[in-house]
Amino acid sequence: MGTKFILSLCFIFPLFLCRCSPANSGDAQNAVADYDVVFNQNLSLKSATGVSGTGKLQFKNPLLGINSNEHYLLAFRPLSSTSKLTLHSHFSGFFLEDGLKAEFFPQEGKLYLRLSTPGYPFTKAQELFDLDGMKEIRLEVEVHDGEGGGVRVLVWNDLISYQGETVHRQERLYPGNADFDSQREGLIFLSSGHGMLWGLELKDVDLTAAKRQAPYVE
Amino acid sequence: MWNNRRKRRDGAGLMGAAAFFFSVLLSSAFVSTVGFAQEGFSSSRMEARTTFPASEKTWDAFLTFDAMAKESRLNRQEDSHSALLRSLVLGLNYRLDPQLNFYLEGSAQSFGSESEFFISQAYAEMHWDLLKVQAGQLYYPVGWLTAEDTYFLNQPFYYQELYKGKKGLDLGVVAQVFPFKNQRVILEASCFEGRVFRVTDERQGAAEKRPCSVGVRSHWSFGEAFATHFEQDLAFYDPVTADGIGLRLQSPLLWQRFSLGFWGEAFQIKTTQQNGPTAVTTAGFAYPHLDWGRWRVGYRFSPADTRVNYSQAPDVRSKIQDSLLRAEVKITKPLSLIYEDERMTQDQGIDVKNEWALRLLLQTAL
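Protein chains in written order, with the numbering used here: chain A, 1 to 218; chain B, 219 to 584.
This is chain A alone, in the form it adopts within the complex (with noise of 0.2 Å):
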């Protein structure tokens, strides 16, 4: 019995020990890193920083699948009052845009989302939080294509500031924390999208992260 426990303690250990090895450090990197088609002609490429200007993006890594959860790391500043970035999930390509568009753009010190699925007009701008004189923006977007048929969407700030003073990630995510829920909103789209690739859509912005993480809501 006691050389069993013995075997037992050396097999079970090194389990545990494999567990400590640093989480996905995936965070680090933070620039634009993987788009592969760039259309339109007025963005600049700012190696330290990422892109900037007017133009589309299309990564280059496909999504999961065409019905698929994806979470998306989005970091811009805009450039002037009628900056816009628009996010465009699940579709197959700019030339066809069959996928979800999430539409962000400041107004009046406060940030506005407007959504839109293939075939139908976008919802009315949704507000999602005062901007607090924060000069860059940094939004954990979740995306479920094909949830119930439709889209669901989830928007986090990301950086939660203290009366302007000081600045902090958000410590945890999950649905009750977002800024917007569409399922909480009660919105529903009556189509979805139909690619596995994403892209952006920039409009007088300074684009400093864009990436793909792991989705955080099942």
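Incorrect hints may appear among the rest.
[As the list claims (entries may be wrong)] Straight-line distance between alpha carbons at most 27 Å, and here's what the computed DSSO-like set of lysine-lysine pairs gives:
1) B/Lys350 with A/Lys56
2) A/Lys101 with B/Lys537
3) B/Lys571 with A/Lys60
4) A/Lys60 with A/Lys101
5) A/Lys101 with B/Lys350
6) A/Lys60 with B/Lys350
7) B/Lys551 with B/Lys488
8) B/Lys350 with B/Lys427
9) B/Lys571 with B/Lys537
Just so you know, these hints were derived from the structure itself, not from any lab.
Take the given structure of chain A and dock chain B to it, following the hints.
For chain B alone, kept in the frame of chain A given last:
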């Protein structure tokens, strides 16, 4: 329904989880009167349900208690969180006569401070020499893991593609024909209601094409196999067609009480979008395992390759690799301690899932 057990909940920390485990472990060891006899690993609910002793009793019952402390690691260090999940399943089988059974299964689950109770399965089963029919709420007879969703920490990714909105549990009928006397070959057909309830607008929709399957199964003393074809077109979702094969093997005891086993399946799942390209997912899992006495260690490898076909543009292809290490020790005959560690990545090493769990599983007939 039952798959809701796999919901992630933010719950107690690891300290609480550890305390809970030790308390359950102690109480289980105390109440258990079963010896340390070398038993095979029939640690699945399905096997428990289908291996009721052929006794004179008209009532059979079994109980499954699954307690799990789980830590999920996501994109940032601060995202790592632990959760404590507990589920209790009570199944009752009533044998009205040798040919007619009724089965009822209720589940209670708790995650953190939330808990719920629901009826997971309820069906009648009629059995003749050449035919068996089950009717009621039951699992789709498609793939090994539909009804076995508790064996692993998570089902492989492609099960979401396979079932879309229904999670493989529905009202329906399953018929099995035994064309040979030895009953080693089973021809199987099933058809389910396929009604979908959409939470967001509380609308229901009937299926355009009900979820139906046809297949053949076979089992021998050292293993079993299946081949199946499945189709469905649910309201709010795109039509799905799937073909799959599966194999399960277990060697006899080899040197020094070691034995080997293999469990695996492969599916091709086709999703035809009404206004978009067709997506074809080729996926499966292979789970070789080594058994020694009361120990089982196995490694599940589950790749998925999805290809979206365009008529006038290059195909787009996405690959997912899912690997899961599972170690189980039977503390007593009905009680197991299980450690599982899963990591799922996509192309370019993007983490899709990264979590581990320590589980205590009690499965016993009452």
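Which earlier hints turn out false for this structure, listed by number in ascending order?
-> 1, 5, 6, 7
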